[in-house]
Amino acid sequence: MFSLAFGIGTQNRKQEWLEVYYPEPLINPSDSLLAIISSLTAYQGGNQAMPLDPSTIRSLAEAINIDSQKQILEQFQDASSPLVLTVLEHDSSLTSTPEAYLKLHLLSHRLVRPNQINLEGIFPLLPNVAWTNLGAIDLGEVEQARISARVSGNLLTVSSVDKFPILTNYFIPKGVRIADSARVRLGAYLGEGTTVMHEGFANFNAGCEGPNMIEGRISQGVMVGCGSDLGGSASTAGTLSGGGNTVISIGEDCLISANAGTGISLGDRCTIEAGLYITPGTQVEVLDESLQQVMLAKARELSGQDDMLFIRHSRSGAVQCRTNRQAIQLNSTLHTHN
Amino acid sequence: MFSLAFGIGTQNRKQEWLEVYYPEPLINPSDSLLAIISSLTAYQGGNQAMPLDPSTIRSLAEAINIDSQKQILEQFQDASSPLVLTVLEHDSSLTSTPEAYLKLHLLSHRLVRPNQINLEGIFPLLPNVAWTNLGAIDLGEVEQARISARVSGNLLTVSSVDKFPILTNYFIPKGVRIADSARVRLGAYLGEGTTVMHEGFANFNAGCEGPNMIEGRISQGVMVGCGSDLGGSASTAGTLSGGGNTVISIGEDCLISANAGTGISLGDRCTIEAGLYITPGTQVEVLDESLQQVMLAKARELSGQDDMLFIRHSRSGAVQCRTNRQAIQLNSTLHTHN
Amino acid sequence: MFSLAFGIGTQNRKQEWLEVYYPEPLINPSDSLLAIISSLTAYQGGNQAMPLDPSTIRSLAEAINIDSQKQILEQFQDASSPLVLTVLEHDSSLTSTPEAYLKLHLLSHRLVRPNQINLEGIFPLLPNVAWTNLGAIDLGEVEQARISARVSGNLLTVSSVDKFPILTNYFIPKGVRIADSARVRLGAYLGEGTTVMHEGFANFNAGCEGPNMIEGRISQGVMVGCGSDLGGSASTAGTLSGGGNTVISIGEDCLISANAGTGISLGDRCTIEAGLYITPGTQVEVLDESLQQVMLAKARELSGQDDMLFIRHSRSGAVQCRTNRQAIQLNSTLHTHN
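Here the protein sequences come in this chain order: A, B and C.
The opening residue of the first sequence carries number -1 in the working numbering; numbering runs sequentially from there.
The opening residue of the second sequence carries number -1 in the working numbering; numbering runs sequentially from there.
The opening residue of the third sequence carries number -1 in the working numbering; numbering runs sequentially from there.
Hints are supplied without guarantee of correctness; some may be wrong.
Intra- or inter-copy, both count: the list cannot distinguish identical chains.
[Unchecked claim] Calculated lysine to any residue pairs in the SDA-like style (CA-CA distance at most 25 Å, straight line):
no., residue 1, residue 2
1, LYS172, GLN73
2, LYS172, ARG11
3, LYS161, GLY119
4, LYS12, LEU137
Because the hints were derived from the structure by calculation, they are not lab data.
Bear in mind the structure is a predicted one, so any value in this text is a computation, not a measurement.
So here's chain A without its partners, still in its complex pose:
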């Protein structure tokens, strides 16, 4: 059994789900919990999102002996919004909006890691929603809601029109700071000790181990290792648009300085100087400890190596990678087989 969670959400006027909030999603729930659920609900196995009525909620609240889940169910008894029980027997392709929201929650609750669950089919299952001060509103209903609010002396403000909501409106992971919440999507994985500054960004299915100082952009699929910093406006090349098709990663104790960027993976202890963008096709002069050039490589051949310092020489204009003998040996192997 992969995951289950009790949720409360928003539907449009056609009773289609716009979003679901799961206060305490569970990974690998116990057989005993599953037995209770099977006996009190229509659950028959497989992946299912089932609406919950008040009497089922009551029975579940009485039967379940996991404190945190029991408390949620007790509070759900008074809810006017639609409730749902989502059970995922397998981590397979997504088939409904509540399932998609559950997987995004699992990532942000650190119950699973980016690139390690099946998110196939997520885009069409996430409706594009107007995220307003009055909650999630269907795009076909928002303009009427806006006029109604205005004439009654109220205000409808729309902070985002997107398929993904922002993380902090669903959960705040332990030990993080997020200076501007608009910049971190639900589904981002932020390890303990992460600070996302105002210019930082983390997409869904992406994130960092913590501790990290994130002032740049973590694209979908990218994971940043412990102790690494992304400087202001630093870019990690993504795969959803404009970039290549290889998901990159950043190792530990790296620094991608302000306004720099990378289209290749970095191992541990790598630095890219401020303002320099390394693309996979960048030709790089590889220098050893005594600054002697030992090879010329395409940046993609250096992908994933440790101990690399990338600069653009300020006099010759050439992109250089300063590294050590061990790194170069590894590189040579890659280079030869390229």
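Guided by the hints, dock chains B and C onto chain A, whose structure is given.
Below, chains B and C without anything else, positioned relative to chain A:
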């Protein structure tokens, strides 16, 4: 007859307009509609913004037979906020705040295009406003409102202090996503199929045809063609501050990669590599299909050409434009006449 | 006597301060005001933050004859939130959350300038807070508040999880525009005539003299002189993470163009071309008025000089500083003594 619209707005304590919301602005309204308006209001021709009282609203709601306008007027009958009818016979220089707001609406409703209407005089007519969770507040009144909110156990939050409000608090164009609404001003033109990611930005009187992926900044006056992408933090040089005085444009199927930028116009199918900024004065080695240098040009001489790929050579540090014979021939003409 | 202020704030369930709002902080308050305070409160000298009960508030409101302070106290009489009187005899290290908030207010009210007050100990005294539409909430209490809001049909939205709140939720300095308030922290100093565009950012204890166009990032400690522009995504290297340990400054009438950055201080009338990042270790060819190279310097040797134009030569790829004779003479001195 250029445009007309019924609006509801906010005034400060001196009954000066702070902002106006027009649910359904009309371009080129019909003569019959105009006849009704002339008979029931004080409208006598020209460009005018006229306050509307409840009985006039009622008469107009009864007389007008355009469903969408009728419905708005019916809802306006219950409004406690000030109402306005703004009629623009001509697209001439702006003379009032309601007029300025109407033109911004026309752009965002895709009823007119950037650079094709007269926005002369807009800056002084748009008051600098505190945009709060309690609505638009005059800057001279906001600190008292803040204390009052606090002592009564409420909260005044100010999301922006600006002359321009954000688009999505007035209208959500069809078929767009805007991940962080704070980044798109009312007056931006976003074509169907536009996604503005968190790092994207669109100023008023600027925008894109759609479909587009906008993760960079569209400066005032700049229009981006269909199928073009702006990568994260990509910059289009503006004319309001710091930049030059030529409004640039981006053609179709272009890619301005992450952290790149341009101070010249691009035709169709152009690419600027990640991290490279092309200013008008940049000297560029122009190379043909076989990578032979055929000329040396200032970037401004290449402005608007198709099929250009701009890179900074990673070994020589020289800025290069790789293009094809046809493009070069056009360029040569420009070059000669420079 | 350094400063005093009456504040109203938020405490968590353990009665610990989360934040304090001071409507009208005073710098160098008069002896007569201090005498009144000493006679009506427990204040005995030194730096103290004292809770205020309704009867003390009433007595103070009657006794104090400074209109603005009297009015605040009169309004405070009806408050349900906790009230505080914070008195700082000396500008010494911080010892409490109300003191830290008072110093941040002093900076943003332009009563003191960045780098000129003692902010020692500020980080541990600022609790990490969930800034929500329902006010500041302790991180240990926010998830329960979220569920409660949802089941009662309301919404808890969290705009930031940070030690520092945003400026405009506390005060709007006179004569400024801040397009996206999330980007300016309380404690930023924004001079009259400042426009912070959507991509601009100002940290606490940092800012600009005004008038300025800020579309880039002002890091902690950095001060920008009058008439200078930071282009979109322009970076000023900070000292809190990733950067060096020297706080830099920008003089008057400078332009750091879009996507450019500096790790050295600039004097007056300096320009850095779009996309170029000057780090302290960058080797720079220094050219005179006739573009003859007169020296080769590390950028840190040029720190603080006037009349410098930095470019990366578009053909040779070399970083150059074009300047004038006088600047070069000053530089030579620095260079010699390096």
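Against the structure, the hints come out as follows:
no.	hint	in the structure
1	LYS172 x GLN73	within (23 Å within a copy, 38 Å between copies)
2	LYS172 x ARG11	between (36 Å within a copy, 19 Å between copies)
3	LYS161 x GLY119	within (13 Å within a copy, 38 Å between copies)
4	LYS12 x LEU137	within (12 Å within a copy, 36 Å between copies)
Violated hints are absent here; each numbered hint is respected by the structure.
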